[in-house]
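As they're listed, the protein sequences go chains A and B. Here the first sequence is numbered in the working numbering, starting from 20 and rising by one per residue. Here the second sequence is numbered in the working numbering, starting from 67 and rising by one per residue.
There may be inaccurate statements among the hints.
[What the hints assert, rightly or not] One-sided and incomplete, this derived list gives chain B residues near chain A with beta-carbon spacing under 10 Å:
#, residue
1, R169
2, E198
3, A203
4, S206
5, L216
6, E245
7, M616
[Claimed, not checked] Derived CB-CB ranges, DEER-like:
#, chain 1, residue 1, chain 2, residue 2, range
8, B, H221, A, F196, 35 to 45 Å
9, B, G524, A, T143, 50 to 60 Å
10, B, R195, A, G175, 40 to 50 Å
11, A, N187, B, T599, 23 to 33 Å
[Unchecked claim] A few chain B positions that, by computed beta-carbon distances, are all more than 12 Å from chain A:
#, residue
12, A145
13, V376
14, G493
15, E529
Derived from the structure by calculation, the hints contain no laboratory data. Even for Gly, the Cβ is constructed at its ideal location relative to N, Cα and C.
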Amino acid sequence: MAVFAISLLAPICRAQVSKSSPTPSKNLSGRFEQTRQITGIPTPLKSDGSFVLVPDEGLIWRVEHPFQATTVITKEGLDQIVNDKEVQRIDASRAPMVSRLNELLNGAMMRDWSVLRKDFAVTTSIDRHSWRTTLVPLRRDDLVSGTFASIAITGGATVDDVEITHRNGDSEHLRFFDQRIGYAPLQPEDAHLLGGKGVSQGSH
Amino acid sequence: MKAAALAWLVVLIAMGAILAVRVYRGIDLQTDMTALLPVQERDPVADRAKRRVSALLAGRLLVLIGDTDRSQARSAGTALADALSGSGMTTSVTYQLPADAWREIGKMYFPYRYGLLAQGDRELLLQNRGQEIVDRAMASIYAPTSPIDLQLLQHDPFLLLPEFLSHLPKPVAAFTPDEGILSLQEGNVTWVMLVAQLNGNAYAGAYQDRFISLFDGTCRRIVARTPNVEILRLGAIFYAHAGAGSATTEAKRLSVVSTIGTILLILIVFRALRPLWLTLLAIASGVIFAFAVCLSLFGGVHAVVLLFGVGLNGIAVDYCWQYVTARFAPDVLTPRDRLRQVFPGIALGAGTTLIGYATLLFAPFPGLIQLAVFSTVGLVGSFLTIVLWLPYLDSSLPLRHGERMLAAVDYLWSFWQHPRLTPMRLGLFALLGGAAILGAMRLKLNNDVRHQQTLDAGLHALELRVRHLTQIPTRTQFLFVQGTNRDAVLQREEVLEAKLASAGNQRALGGIQSTAQFVPSIVRQHQNRDLVTKRLMAPFLGAYLKRLGMAGGVQTGDNATTYLTPDAIRSDSPLAFVKDLMIEIGDGEAVGLVLLPEDEQSDAIKRITDSIPGVHFVDAPAEISQLLDKYYRRAMILVAISVILMMPLVIWRYGMLGGVTVAVPPVIAVIATPLLLGAVGMDFTFFGAMGLVLVLSIGFDYAVFCREAGGVLRTVAMLGISLALATTLLSFGLMALSATFAVRSFGATLLVGTTLAFLLSPIASDSVSSRVSSMER
Chain A
20 MAVFAISLLA
30 PICRAQVSKS
40 SPTPSKNLSG
50 RFEQTRQITG
60 IPTPLKSDGS
70 FVLVPDEGLI
80 WRVEHPFQAT
90 TVITKEGLDQ
100 IVNDKEVQRI
110 DASRAPMVSR
120 LNELLNGAMM
130 RDWSVLRKDF
140 AVTTSIDRHS
150 WRTTLVPLRR
160 DDLVSGTFAS
170 IAITGGATVD
180 DVEITHRNGD
190 SEHLRFFDQR
200 IGYAPLQPED
210 AHLLGGKGVS
220 QGSH
Chain B
67 MKAAALAWLV
77 VLIAMGAILA
87 VRVYRGIDLQ
97 TDMTALLPVQ
107 ERDPVADRAK
117 RRVSALLAGR
127 LLVLIGDTDR
137 SQARSAGTAL
147 ADALSGSGMT
157 TSVTYQLPAD
167 AWREIGKMYF
177 PYRYGLLAQG
187 DRELLLQNRG
197 QEIVDRAMAS
207 IYAPTSPIDL
217 QLLQHDPFLL
227 LPEFLSHLPK
237 PVAAFTPDEG
247 ILSLQEGNVT
257 WVMLVAQLNG
267 NAYAGAYQDR
277 FISLFDGTCR
287 RIVARTPNVE
297 ILRLGAIFYA
307 HAGAGSATTE
317 AKRLSVVSTI
327 GTILLILIVF
337 RALRPLWLTL
347 LAIASGVIFA
357 FAVCLSLFGG
367 VHAVVLLFGV
377 GLNGIAVDYC
387 WQYVTARFAP
397 DVLTPRDRLR
407 QVFPGIALGA
417 GTTLIGYATL
427 LFAPFPGLIQ
437 LAVFSTVGLV
447 GSFLTIVLWL
457 PYLDSSLPLR
467 HGERMLAAVD
477 YLWSFWQHPR
487 LTPMRLGLFA
497 LLGGAAILGA
507 MRLKLNNDVR
517 HQQTLDAGLH
527 ALELRVRHLT
537 QIPTRTQFLF
547 VQGTNRDAVL
557 QREEVLEAKL
567 ASAGNQRALG
577 GIQSTAQFVP
587 SIVRQHQNRD
597 LVTKRLMAPF
607 LGAYLKRLGM
617 AGGVQTGDNA
627 TTYLTPDAIR
637 SDSPLAFVKD
647 LMIEIGDGEA
657 VGLVLLPEDE
667 QSDAIKRITD
677 SIPGVHFVDA
687 PAEISQLLDK
697 YYRRAMILVA
707 ISVILMMPLV
717 IWRYGMLGGV
727 TVAVPPVIAV
737 IATPLLLGAV
747 GMDFTFFGAM
757 GLVLVLSIGF
767 DYAVFCREAG
777 GVLRTVAMLG
787 ISLALATTLL
797 SFGLMALSAT
807 FAVRSFGATL
817 LVGTTLAFLL
827 SPIASDSVSS
837 RVSSMER
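Generate the whole structure from the sequences, applying the supplied hints.
The structure is reproduced here in structure tokens:
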């Protein structure tokens, strides 16, 4: 569910980008560390890697440790790539979950907070150097937002830290660092991934 | 005679009473075209299944509501859904699914998960590539959107069920659920979808009217509230209503013209209306007689039989006019004398007609046999009314105002008799011959109902838009998969799917919809469980759990003792439509229905399905076309046979040469009519062939009347023939103007055929035939 957190980076990224440059080819990239605590599994699942976020286009999430896997989320759907092979592709048109996620992502990217307010109670506290926003789902039976107990996002100039608590007691902690706003065109590989065409077809 | 007339009155009253009781109880007017097929060609299982399917599809309704404002589209949809489900005219209305509907699907499948592999996963395991499934599970666990918890990892460690669920075919390809409502974003317009199933017969007039007024009324209220909203609808009931509407308007228009024309004609000719009542009485008594007898014999009457039967019975006007116009004769005659005078002609005419109609009995087609009974019985009834009642009901006063009319119709006699008109007669034959040759080259047989349908243009445009938006199949073509039980059907569907896939028919596969896609056969589920246990769990699970740091408690194999069957799908589930795809006939028979995508794929799919036993490709319009084609061939052969069977009767009366002479005009008319229609570019059809049956009988009537009439009476006879032609053209010839292809084809055949039979009829007279033969010498 870190995608929520990522999507919250977008307005900030966009705000900074739009102030400095009108060119459309801007992106936010950086590194992440994820710690996932699943109730019943004694050791937390830790992973780290890099991400690239392009407003209006999508997100590339590259896990490097402990296992190499790339996830691409665009408005067309969700792709998972392992060893250069597409192991899963979920068309947004097929899975209501993914299309909802994408809608929320887009809403956030367009700085349309009303999209998030439809599903969450949003409270924000700001002090001199940082801010903290807490999201609590409005409807517990909702397929997407209803699985969360709460989402807490803290940051300064960018989002630095996201704490997600699930209703079943599981939790995720995400830390973002080395964040950069890029103006240069994407790496060809990244552009290809976001092109919506996926990668070389796997077994399917 | 009086006693006979009274006896006939009693019989007719009894028949009328029988009919009234049957009508009161509700007549079973069959409309199913396959009921016209010969019994041995019908497959009772397929028949029942097809009827179920066609009733199901006819009762289905799909509505798309679009608005630039998402919430307005949605609330308009809610208003319509509420109105429909509150109307008591639907069995189901599917619009907003409950929030947990999708969770319910997951719950339904969960206990059987190891038997339900996505096609791709099954292939990976068959090819021993389980590692790829393991990689995918790992990637999913570390993916940013992963909704994975311990429960799921313990019960489905490799996430096979989510994969299966995400590969389920979508009921409507282009639409996706948006807060429980199937929706589509097209530009800035949000479309929402509503599906309903009607609980009545979409083709029944009263139900149709009630439903359409409810539907249209609701739509008007919605549009009044939200003017931007656009409502697209698709359903047989809308076509049926529009079709009935336009057919009714057309029938009204044609019958107004026909009625006014006939009344004017009778007023002009007789200066009285009584002859009109007499002809109506003759025809009505025949129809009542025939209808009552058919209902008693067959238990029901097919709508097509009723339609053509009443038409064939219309020939009774020929005999009526012969009798009634005899009042124009110069001698003052009593009604009884007049009857005696015309009796040989009308008896012989009715005799040949009865032979012609009865020939239809030789067809092994139930429809034609019913039609033969209906038309012969009806003709007998009308004939009895004419000879037994008309002398009592008719005025006995002679008519003296007919001089100019008689002089006018006498021109036709002169045309055939005047020595100086020989070149014109030759010219007529040359013209006819030339047109016939041209027609023979251009004539096309066309019994394809797809070309004959005249769909309402506005509705058709709507349908194209709906199909464009939804990409739903057309549903006139589908596959039937037969088996001894449901699982046998599911297994065949799986074979079918595999064959389609191996034929590289990805597009076809993507568009088909079958039960097996949602509920694998028990055999398949068993295999899948085996594959999962032996090729995934055994080799990979230990290492996988270790990497995740899980201690255990994971279900390594399948311990389910039962299998998923279509019964598990609840009727309020979003998958409820799957239940309609499986039809249990009983008696160890089940039929699965496989819906097909776009039409252009059908040839390829048909080739594949023909090779699988128990799988039948059904193309409803093509089947009706083939049926009409068979009926057409049979009807044409029967027309030829009935000419041969009529000959002994006319030869008995007129001798060999005379008999052949009488047959000349009707036979020329029957042969030339399709050719002349072909010459003007009209295709010939089964309905035209039915017209020829009537043209032949009418042609024989005219010829016989001409032959029988001698001396001064032949002009009176010709007046009767002219009146018969005029009324036939007014009632049937006008049908040539119809927008309905079948009606137009029937009407045009009668228009050309009876006119030709009329023009040629004097040839039958011995005085003319001797001249014609001498002219040819």
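Q.
Given a hint of 23 to 33 Å, does the C-beta separation of A:N187 and B:T599 actually sit inside it?
A. holds, 28 Å
Q: Determine whether the non-interface label on B:A145 survives the test: each CB of chain A must be over 12 Å from its CB.
A: At roughly 22 Å from the nearest Cβ of chain A, B:A145 sits farther out than 12 Å, so the non-interface label holds.
Q. Can the hint on B:E245 be confirmed by a CB-to-CB distance to chain A that is less than 10 Å?
A. Holds. Min distance 9 Å.
Q | Given hint B:R169 near chain A, where the shortest CB pair must fall under 10 Å | A | Since the shortest Cβ distance to chain A is 7 Å, the answer is holds.
Q: Identify whether the interface hint at B:A203 stands, where standing means a beta carbon of chain A within less than 10 Å of its own.
A: Holds: closest Cβ of chain A sits about 9 Å from B:A203, inside 10 Å.
Q. Holds or violated: B:E198 as interface residue toward chain A, Cβ cutoff 10 Å?
A. holds, 6 Å
Q | Beyond 12 Å from each Cβ of chain A, as asserted for B:E529 | A | holds, 23 Å
Q. Is it true that B:G524 and A:T143 lie within 50 to 60 Å of each other by Cβ?
A. holds, 54 Å
Q: Run the C-beta distances from B:V376 to all of chain A and say if the shortest one exceeds 12 Å.
A: Consistent with the label, B:V376 stays out of reach of chain A, its closest Cβ about 54 Å off (over 12 Å).
(Q) A range of 35 to 45 Å was offered for this pair. Does it hold for the Cβ distance of B:H221 and A:F196? (A) holds, 36 Å
**Q.** Evaluation of the interface hint that places B:M616 against chain A, nearest CB under 10 Å
**A.** holds, 5 Å
Q. Holds or violated: is there a CB of chain A closer than 10 Å to the CB of B:S206?
A. holds, 7 Å
Going through the hint list in order, the structure satisfies each hint without exception.
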